[in-house]
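Spelled out, the chains give:
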Amino acid sequence: MEHLIAIFIGLLYACGVYLVLRRSIVKVILGIFLLSNATNLIIFMAGGIKRGGVAIIEEGAEVADPSLISDPLPQALILTAIVISLGMSAYILALKYRYFDVTGTHDLDQLKNTDQR
Amino acid sequence: MNNVILEKTTRLFLKVMAIISLYLLFRGHNSPGGGFIGGIVLATGFIFYGIVFGSNEIKKIIRFNSRTWMGIGLSLVILAAVIPLFFGEEPLTGIWYEGLWPLLGTVHLGTPLIFDTGIYVGVAGLILSVIITIMEVLEWNT
Amino acid sequence: MILFTLILLPFSYLMLGLLLKRPKIKRQLALVFASANLVWTLVVLKSVNLQDIIVVNMGSWPAPYGISLVADRFSAFMLLLAAFVFLLVTVYSTQSLDKERRKNGYFFYSFGILLGVNGSFIAGDIFNLYVWFEVMLISSFILMGLGGERKQLEGSIKYLILNLIGSMFFVAGIGLLYGKIGSLNMADISYKMSLAKENLAALNPALILIFVGFAIKGALFPFFFWLPASYHTPPPAITALFAGLLTKVGIYSMIRIFTLFLYHDFEFWSRLVLWMGALSMVVGVIAASSQSDFRKILSFHIISQAGYMLIALGFFTEAGIAAAIFFIAHNMLSKTNAFLVAGWVHREKRSLNLKILGNMFQKSPVWGVVFFISAFSLAGLPPLSGFFGKYMVLKAGIEANQIFISMIALFVGLITLFSMVKIWLEVFWKLPPSDKRLPKDTEAKPANRMLAASLFMAAAIIGMGLFAEPIGEYCSLAARDLLNPSKYINYVLAIN
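So the sequences go chain by chain: V, G and R.
For what it's worth, the working numbering labels the leading residue of the first sequence as 1, then goes sequentially.
For what it's worth, the working numbering labels the leading residue of the second sequence as 1, then goes sequentially.
For what it's worth, the working numbering labels the leading residue of the third sequence as 1, then goes sequentially.
Calculated directly from the structure, the hints in this document are not laboratory data.
Keep in mind that a hint or two might mislead.
Claimed, not checked - Simulated pairs of lysine-lysine, DSBU-like, Cα-Cα distance not exceeding 35 Å:
id, chain 1, residue 1, chain 2, residue 2
1, R, K21, V, K96
2, V, K112, R, K422
3, R, K26, V, K96
4, V, K50, R, K422
5, G, K59, R, K355
6, R, K99, V, K96
7, V, K112, R, K21
8, R, K395, R, K99
9, R, K430, V, K96
10, R, K430, V, K50
11, R, K21, R, K158
12, V, K27, R, K103
13, V, K96, V, K112
14, R, K158, R, K445
15, R, K151, G, K15
16, R, K103, R, K26
Since the model is a prediction, treat every value here as computed from it, not as a measurement.
Kindly generate the complete structure, drawing on both the sequences and the hints.
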């Protein structure tokens, strides 16, 4: 299972990088979403994967058996990362909308005016 | 949109979502659930409501500006962080109260509930603020 | 408690900013909260001096499991400077920024930046550091786009995309590090690394990802390109805030992870850091000398001066790290002040192009002197703070036997002087070209609060030069703590 997810993460990164390198801003934004999801999966993998191991202590028990549950911390980290990317996506899409409003273009090549020469 | 069945269902849906979200909020801390997921569920109900009735109707229900709700959420979070200081504990430590209330039996309350409520209100306010802004910009159903 | 207040103050402002409606109250509250923050950092500095390292465990969870806030001498000093810069920029922006932007939440988002900066300086947990970085970044994204002019939007798209990719490097590195080490507390990671001396190579992928993340935030040599493309687009007051605080947090984190994690594999990392620093210095300064826009020159100099901090870190002696700390402090003040002067010039002339400016000294000698102080402090003229910063870096380099790198630093200092003289001559000294098409002076608007903020900053620069010895001693004390990570570990993990 780990190998499968590892390959999947690699694919997500590849697609993300490909999209980030495109000229259209919308595609770049989609690429960033893919990259951040791949990163979240990396953190998920870092905690190890166990089938059916819910990280909750049973009713009445004092401690959980560490061999039965998977590490809950990476999941908490992913939750934090997801919340951050929620705000980030809302802002980035609003920015894209405004940019399109002002310039009427999706093309990243039109962004050259502010570059250093 | 003038569709009686849709309107009735959406009103019902909002109420059901609100109750589910409160359930999720209160069962948090000891079981899966909590403020964040509760706030999202509540906001989902409002999103459907907004799609059918338009953003002005959402504004009528929530009364205050959605940003004010975010502010109220933040102030609850600050409250939960500061209360332990008066008990000589580190900030954000859980301070628990346990007592026998009439009719309810043993009640177990603590600052984590205030914190979670703050998150609940804040997250719902944030998502509503995003949704209302998007609807207003796109002139959706107004 | 004492550290928690540093987070509570900006956080309370954010809360009030959401609840209150009237812009005037928000503005006055911003000044009150920024001053309170400055006072409180002084309190923190004082108690750090007494206790060496303060640790607060949030929620009473003991250190490796919960989130801890840690302040040692280095972070306390950085907190003080950030609060000082923030207060003065806030005072400055009450007058410099247009009403629209102030009404649309300039103060709100600038307090978001303060929250992120304060949090990053006292984070004792690497994931917490990431979260504070994001708080800071998202506020800076919004400030960069605030107002929605075309060039601002262009700048903020570049800034946003490249910084988001930087964050992804950082967080992926944290994930891998957690997978290998099983801890997120920086002290605990350092302790576990020192136990696993033989197998440290397994951590290198994670550490390299984190390092690249910080290098992007700190605008270092191969990763700096977002900075000059975006820093000249927002209004000058916002750029001044960014220049004073944002990249410095990247450098701060770099020093923190170098002294806690990377020193275990000293040979590899110090060479990398030294060369990245040297190349940043050279590339930044050469690129700056070819520019002809006030703010673009200063933006490229941010990169070049980040290089100085990095080589001083790479020497990795007590003198070197003390020099790095001193240099960051000096740079926060001088760089911000140079941008503040740029803001005044922009307000008077509606342009920052060197070719069409001129004779500003006659218009206002006081501003000219303020610019002179900050620019020549950047270039490193005695008795200003920059001279002692550069002197400490060079002395540390020669003592650490890095003659070649020190020579590069000297050479870069020369070109910096050239750039600063260029701005001075073109903007303040020469007569403006007599061309009819030039923009006319805008009608005189009061600039007294702007001037007061800038004068205070200039006074701080001179003060830092005059009191270089006690400040340098404080920096050496801070460096001694940084070079002795077992002290940090003992305090945080509460091992006696």
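Outcome of the hint check:
At roughly 28 Å between alpha-carbon atoms, K21/R and K96/V fall within 35 Å of each other, so this suggested pair holds. For the given pair, K112/V sits about 26 Å from K422/R by alpha-carbon distance, which is consistent with the 35 Å threshold. With a CA separation close to 29 Å, the supplied pair K26/R and K96/V stays within the 35 Å bound. With a CA separation close to 64 Å, the supplied pair K50/V and K422/R exceeds the 35 Å bound.
Our distance criterion of 35 Å between C-alpha atoms is broken by K59/G and K355/R, whose separation comes to about 53 Å. Between K99/R and K96/V the alpha-carbon distance is near 25 Å, which keeps this suggested pair within the 35 Å criterion. Distance check on the hinted pair: K112/V and K21/R sit about 39 Å apart at the alpha-carbon level, beyond 35 Å; violated. For a cut-off of 35 Å, the pair hint linking K395/R to K99/R is broken: about 48 Å separates their Cα positions.
Our distance criterion of 35 Å between C-alpha atoms is broken by K430/R and K96/V, whose separation comes to about 42 Å. Of the supplied pair hints, the one linking K430/R and K50/V is violated, its CA atoms being roughly 72 Å apart against a limit of 35 Å. For a cut-off of 35 Å, the pair hint linking K21/R to K158/R stands: about 33 Å separates their Cα positions. Between K27/V and K103/R the CA atoms are separated by roughly 33 Å; this keeps the pair inside 35 Å, and the hint holds.
A hinted pair counts as satisfied when its Cα atoms are at most 35 Å apart, and K96/V with K112/V qualifies at roughly 16 Å. Only pairs whose Cα atoms come within 35 Å are accepted, and K158/R paired with K445/R is accepted, the gap being roughly 33 Å. Note on K151/R and K15/G: the hinted pairing is violated, with a Cα-Cα distance of about 46 Å set against a maximum of 35 Å. Only pairs whose Cα atoms come within 35 Å are accepted, and K103/R paired with K26/R is accepted, the gap being roughly 9 Å.
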